[in-house]
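2 protein chains.
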Amino acid sequence: MKKNVPQAAHTTDKTIALIDSIAAQVRADIEVGKLPDLKFPVRALDNVTYDKRKGYFELGAAEKERTLTVTTARSFAQTLRLMATSRTMVEHDDFATKREVYYISKNWGDCRFDDQAESDATMDDIEAMASMHGLSREQLRFYPESHGGSVAGRLTVVDRNPLSGATVEIDCANLGSGAYSIPRSVEHLSFRTDAQFVLAIETGGMFQRLNNHRFWETARCIIVEMGGVPTRATRRFIRVLSDTQNLPVYCFVDCDPYGFTNIYRTLKVGSGNAAHVNRFLCVPQAHFLGVTPQDIVDFGLEDATHPLSPRDIKRAQDALENDPFIMAHPEWIAAIKELLAMGVRAEQQALAKWGLDYVISEYLPKKLANTGRFLP
Amino acid sequence: MKKNVPQAAHTTDKTIALIDSIAAQVRADIEVGKLPDLKFPVRALDNVTYDKRKGYFELGAAEKERTLTVTTARSFAQTLRLMATSRTMVEHDDFATKREVYYISKNWGDCRFDDQAESDATMDDIEAMASMHGLSREQLRFYPESHGGSVAGRLTVVDRNPLSGATVEIDCANLGSGAYSIPRSVEHLSFRTDAQFVLAIETGGMFQRLNNHRFWETARCIIVEMGGVPTRATRRFIRVLSDTQNLPVYCFVDCDPYGFTNIYRTLKVGSGNAAHVNRFLCVPQAHFLGVTPQDIVDFGLEDATHPLSPRDIKRAQDALENDPFIMAHPEWIAAIKELLAMGVRAEQQALAKWGLDYVISEYLPKKLANTGRFLP
Numbered sequence: 008m009k010k011n012v013p014q015a016a017h018t019t020d021k022t023i024a025l026i027d028s029i030a031a032q033v034r035a036d037i038e039v040g041k042l043p044d045l046k047f048p049v050r051a052l053d054n055v056t057y058d059k060r061k062g063y064f065e066l067g068a069a070e071k072e073r074t075l076t077v078t079t080a081r082s083f084a085q086t087l088r089l090m091a092t093s094r095t096m097v098e099h100d101d102f103a104t105k106r107e108v109y110y111i112s113k114n115w116g117d118c119r120f121d122d123q124a125e126s127d128a129t130m131d132d133i134e135a136m137a138s139m140h141g142l143s144r145e146q147l148r149f150y151p152e153s154h155g156g157s158v159a160g161r162l163t164v165v166d167r168n169p170l171s172g173a174t175v176e177i178d179c180a181n182l183g184s185g186a187y188s189i190p191r192s193v194e195h196l197s198f199r200t201d202a203q204f205v206l207a208i209e210t211g212g213m214f215q216r217l218n219n220h221r222f223w224e225t226a227r228c229i230i231v232e233m234g235g236v237p238t239r240a241t242r243r244f245i246r247v248l249s250d251t252q253n254l255p256v257y258c259f260v261d262c263d264p265y266g267f268t269n270i271y272r273t274l275k276v277g278s279g280n281a282a283h284v285n286r287f288l289c290v291p292q293a294h295f296l297g298v299t300p301q302d303i304v305d306f307g308l309e310d311a312t313h314p315l316s317p318r319d320i321k322r323a324q325d326a327l328e329n330d331p332f333i334m335a336h337p338e339w340i341a342a343i344k345e346l347l348a349m350g351v352r353a354e355q356q357a358l359a360k361w362g363l364d365y366v367i368s369e370y371l372p373k374k375l376a377n378t379g380r381f382l383p
Numbered sequence: 008m009k010k011n012v013p014q015a016a017h018t019t020d021k022t023i024a025l026i027d028s029i030a031a032q033v034r035a036d037i038e039v040g041k042l043p044d045l046k047f048p049v050r051a052l053d054n055v056t057y058d059k060r061k062g063y064f065e066l067g068a069a070e071k072e073r074t075l076t077v078t079t080a081r082s083f084a085q086t087l088r089l090m091a092t093s094r095t096m097v098e099h100d101d102f103a104t105k106r107e108v109y110y111i112s113k114n115w116g117d118c119r120f121d122d123q124a125e126s127d128a129t130m131d132d133i134e135a136m137a138s139m140h141g142l143s144r145e146q147l148r149f150y151p152e153s154h155g156g157s158v159a160g161r162l163t164v165v166d167r168n169p170l171s172g173a174t175v176e177i178d179c180a181n182l183g184s185g186a187y188s189i190p191r192s193v194e195h196l197s198f199r200t201d202a203q204f205v206l207a208i209e210t211g212g213m214f215q216r217l218n219n220h221r222f223w224e225t226a227r228c229i230i231v232e233m234g235g236v237p238t239r240a241t242r243r244f245i246r247v248l249s250d251t252q253n254l255p256v257y258c259f260v261d262c263d264p265y266g267f268t269n270i271y272r273t274l275k276v277g278s279g280n281a282a283h284v285n286r287f288l289c290v291p292q293a294h295f296l297g298v299t300p301q302d303i304v305d306f307g308l309e310d311a312t313h314p315l316s317p318r319d320i321k322r323a324q325d326a327l328e329n330d331p332f333i334m335a336h337p338e339w340i341a342a343i344k345e346l347l348a349m350g351v352r353a354e355q356q357a358l359a360k361w362g363l364d365y366v367i368s369e370y371l372p373k374k375l376a377n378t379g380r381f382l383p
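Chains as they are written, first to last, in our numbering: chain A, 8 to 383; chain B, 8 to 383.
Be careful, since some hints might not be right.
No copy is singled out in the list; a pair is fine if it fits within one copy or between any two copies.
Here are the computed lysine to any residue pairs in the SDA-like style, where the Cα-Cα straight-line distance is at most 20 Å [claimed, not checked]: (1) K113 <-> I367; (2) K105 <-> Y365; (3) K321 <-> A342; (4) K59 <-> E369; (5) K321 <-> A124; (6) K61 <-> D325; (7) K105 <-> T79; (8) K321 <-> D310; (9) K344 <-> P331.
Keep in mind the hints are simulated off the structure, nothing from the lab.
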């Protein structure tokens with residue numbers, strides 16, 4: 008098989024340097040007769056903080072140590088082999104999904120992983136440790152399995168041919184009724200755009216509507232399909248795009264507790280149980296365009312709503328009582344209380360009540376004229 | 008809002024002509040004082056047949072009538088309004104998802120749909136009726152919500168700018184590490200390719216692997232990510248691509264009953280409970296490349312397998328006893344019995360046991376050298 012052209016050298020070098028330095032320390036300990044140890048950040052919820060200014064859930068300073076002993080010999084070896092696997096993948100510009108990593112270990116003899124939960128946990132430890140050095144899981148070459156969402160609009164993605172290294176440019180304004188499917192790692196991409204914002208959309212149907220009617224052309228934007236809670240690749244793509252091009256990110260999702268506290272919240276501040284990756288994946292600059300509880304009134308959607316389910320209500324109450332992100336923002340507290348008082352939820356498709364083109368001709372232009380009123 | 012350029016005129020004309028002729032008949036009945044009726048194919052399983060030569064589950068001849076009476080007045084009106092909606096969408100080159108259709112009805116006064124199950128059933132009736140005239144749901148402008156899968160390889164998709172009508176060409180060999188995301192309707196697409204086959208892949212991770220290593224370049228093929236059971240758009244895309252370009256379709260999925268009887272079977276012959284759409288969506292020319300039970304032996308994957316779960320076993324036994332497709336093919340009966348005897352399943356990622364590049368350097372080339380041995 009032909010060897011791929013390496014990604015940006017500085018990233019590659021950083022990953023290899025980190026792995027080499029850890030390996031060198033382990034070796035040095037052994038050579039002086041000391042039991043080596045590895046340090047990892049604690050990945051539990053009580054080691055997670057939310058700082059409104061930083062804008063995302065973050066890992067705290069707590070660390071756990073894995074010292075080589077009789078009982079830890081296997082997991083110690085697994086950790087080192089997994090780091091070696093990562094190093095080899097960087098060298099060969101290759102990558103592995105979590106599932107593949109698990110299978111790779113089948114040839115490791117006694118230190119093979121018994122099930123994927125075991126390899127995932129080890130990988131998460133390495134990832135958390137690397138994150139403290141500014142390296143993401145993708146830079147370790149562990150790629151997510153899941154689909155990367157679709158993109159269309161005023162954007163040229165600058166990629167490379169993985170084999171020849173030649174520059175490849177993808178004009179996302181010129182894909183007809185189709186779209187650009189985000190790759191599982193976006194670290195090597197760069198962008199050119201004259202868009203004024205990124206619109207992140209919950210449903211595939213709404214994405215297709217805005218794309219088929221070239222909403223992005225006149226609205227001067229880039230549209231991204233999240234397809235429910237956005238995957239890692241989608242979140243990282245939006246983040247890098249927004250950071251490098253200095254573009255605001257507006258979210259267009261359903262008006263229900265799931266849309267607020269799962270889809271939007273995950274995009275903006277990340278999730279509590281993967282805090283070590285939030286610094287790479289979350290999009291603190293995101294704002295909530297709609298659909299808001301107030302939109303139900305302002306756009307006459309009352310008869311296109313559905314009653315909140317007991318699960319919706321529980322999710323909303325949980326957010327008010329326990330979610331540090333919601334609790335830090337009075338606007339969100341008010342919006343969720345308003346929704347609970349109304350007792351209904353509304354989907355973004357509910358706008359079709361006024362005609363299929365209403366969302367494009369009325370709703371989005373009216374909302375976009377008042378970005379200052381978007382929820383934080 | 009600017010009006011989109013219509014799709015291929017003959018399709019548009021056929022849809023409008025069908026709706027107009029049904030409406031004219033209803034009107035003629037009313038004008039002579041007769042109660043009008045509408046005829047729909049019965050969409051129940053006992054009106055489904057499997058013909059090995061045709062290669063897909065097909066609706067039988069049984070019909071149900073919906074005559075206008077006091078009790079049917081509402082559903083009769085809903086059916087006519089839904090057909091009128093379809094006609095309007097054809098005229099304006101617009102479309103609606105199932106969910107949007109439900110919301111559109113919120114402005115229909117007394118004949119609004121109470122829930123989406125009701126509008127879905129009515130839409131399925133219209134779709135089944137149209138299918139008897141060779142028209143698909145997409146031609147009625149009812150689009151699926153779900154994502155359309157990713158494509159890369161030796162293929163140029165010829166689309167159009169929905170607003171200007173200008174031709175747009177997407178070179179799927181030139182999208183870097185990204186891919187082409189299939190739109191929700193593919194009826195207006197045409198293709199240019201020098202590929203020799205289409206490879207339909209179950210998992211996103213394997214798709215990304217084959218894409219990043221440009222497998223399609225040397226293997227001279229087009230790769231399509233199914234992401235589990237392929238969506239309608241993905242199935243239709245593969246079907247139209249294969250039909251028009253005369254390309255064989257090979258499937259690369261997990262070796263388990265779900266992979267055989269859900270993912271592969273759905274792609275190839277469709278599903279029993281949506282028989283009226285199978286003629287447009289299924290890919291009878293598909294063949295099963297692997298992973299086969301015999302591959303577990305031939306490629307030494309025994310220690311990278313997992314025991315069959317009780318659910319796997321039940322699914323396999325059901326297929327042997329009840330699935331007309333499996334029962335029509337002795338090769339599949341033998342394969343499933345072999346799997347049951349082995350008592351294990353193997354994922355396509357299990358090949359990573361021999362190294363990440365094994366699937367590209369060994370497995371796929373060996374399999375593709377013997378396409379005649381693929382399962383039917």
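Cross-check of the supplied hints:
Taking the shortest Cα distances, K113 and I367 sit within 20 Å of each other only across copies (19 Å), while inside one copy they are farther apart (53 Å). Taking the shortest Cα distances, K105 and Y365 sit within 20 Å of each other only across copies (17 Å), while inside one copy they are farther apart (43 Å). Taking identical chains as interchangeable, the C-alpha atoms of K321 and A342 lie at most 20 Å apart only when both belong to the same chain, with a minimum of 15 Å there against 48 Å between chains. Within a single copy, K59 and E369 get their C-alpha atoms no closer than 33 Å, and across copies no closer than 52 Å, so neither meets the 20 Å cut-off.
Proximity of K321 to A124 under the C-alpha cut-off of 20 Å is found in neither arrangement, the shortest distances being 29 Å within a copy and 26 Å between copies. Proximity of K61 and D325 under a CA criterion of 20 Å is satisfied in neither setting, with 23 Å inside one chain copy and 55 Å between copies. Taking the closest pair of Cα atoms, K105 and T79 never come within 20 Å of each other, the shortest separation being 22 Å inside a single copy and 55 Å across copies. With identical chains, the CA atoms of K321 and D310 are never at most 20 Å apart, being 23 Å at best within one copy and 45 Å at best between copies.
Proximity of K344 and P331 under a CA criterion of 20 Å is satisfied intra-copy only: 16 Å inside one chain copy versus 54 Å between copies.
Hints 4, 5, 6, 7 and 8 from the earlier list are contradicted by this structure; the remaining hints agree with it.
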